[in-house]
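Peer 1: Sequence:
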Amino acid sequence: MRNGNPCVIVKWRSERGYDFKQKRIPQWRDFRLWIATILLSQNLAITRILTANISRRFGKTLLKR
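Its first residue numbered 1, the sequence shown is counted upward by one per residue in the working numbering.
None of these hints come from the bench; they were simulated from the model. We put the CB at the ideal spot given by N, CA and C, even for glycine. Please note: incorrect hints may appear among the correct ones.
[Said to hold, decoys possible] Derived CB-CB ranges, DEER-like:
{"#": "1", "residue 1": "D30", "residue 2": "F58", "range": "24 to 32 Å"}
{"#": "2", "residue 1": "S55", "residue 2": "I35", "range": "28 to 36 Å"}
{"#": "3", "residue 1": "A36", "residue 2": "R56", "range": "40 to 48 Å"}
{"#": "4", "residue 1": "I38", "residue 2": "F58", "range": "29 to 37 Å"}
{"#": "5", "residue 1": "D30", "residue 2": "L50", "range": "40 to 48 Å"}
{"#": "6", "residue 1": "T51", "residue 2": "F31", "range": "27 to 35 Å"}
{"#": "7", "residue 1": "A52", "residue 2": "R32", "range": "39 to 47 Å"}
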């Protein structure tokens with residue numbers, strides 16, 4: 001799961017969130033937690049993509065040297 005695509009994990013989490021919303025009206029705390037987890041997972045996905053791109057660029061420059 002660690003090597004999997006982070007975007008898939010985000011999609012799965014958001015789907016679970018919507019499912020959870022339909023079952024019962026969420027309490028404010030639960031809703032906030034749900035938003036926080038989705039935002040966090042999206043941020044992780046974005047940072048992973050950025051770090052991958054940066055490491056590739058730096059890797060190329062280091063190889064040139």
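Peer 1: Hint says 28 to 36 Å; check whether the CB-CB distance for S55 and I35 agrees.
Peer 2: holds (30 Å)
Peer 1: Given the range 27 to 35 Å, decide if the beta-carbon distance of T51 to F31 lies inside it.
Peer 2: holds (30 Å)
Peer 1: Holds or violated: the 24 to 32 Å window for the beta-carbon distance between D30 and F58?
Peer 2: Since D30 and F58 have Cβ atoms about 41 Å apart, the given range 24 to 32 Å is violated.
Peer 1: For A36 and R56, compare the CB-CB distance with the range 40 to 48 Å and indicate the outcome.
Peer 2: Since A36 and R56 have Cβ atoms about 30 Å apart, the given range 40 to 48 Å is violated.
Peer 1: Should the hint that D30 and L50 are 40 to 48 Å apart at their CB atoms be regarded as holding?
Peer 2: violated (30 Å)
Peer 1: If you check the beta carbons of A52 and R32, does the distance land in 39 to 47 Å?
Peer 2: violated (30 Å)
Peer 1: For the pair I38 and F58, does the Cβ-Cβ distance stay inside 29 to 37 Å?
Peer 2: holds (30 Å)
In summary, the structure is inconsistent with hints 1, 3, 5, 7 from the numbered list given earlier, while agreeing with the others.
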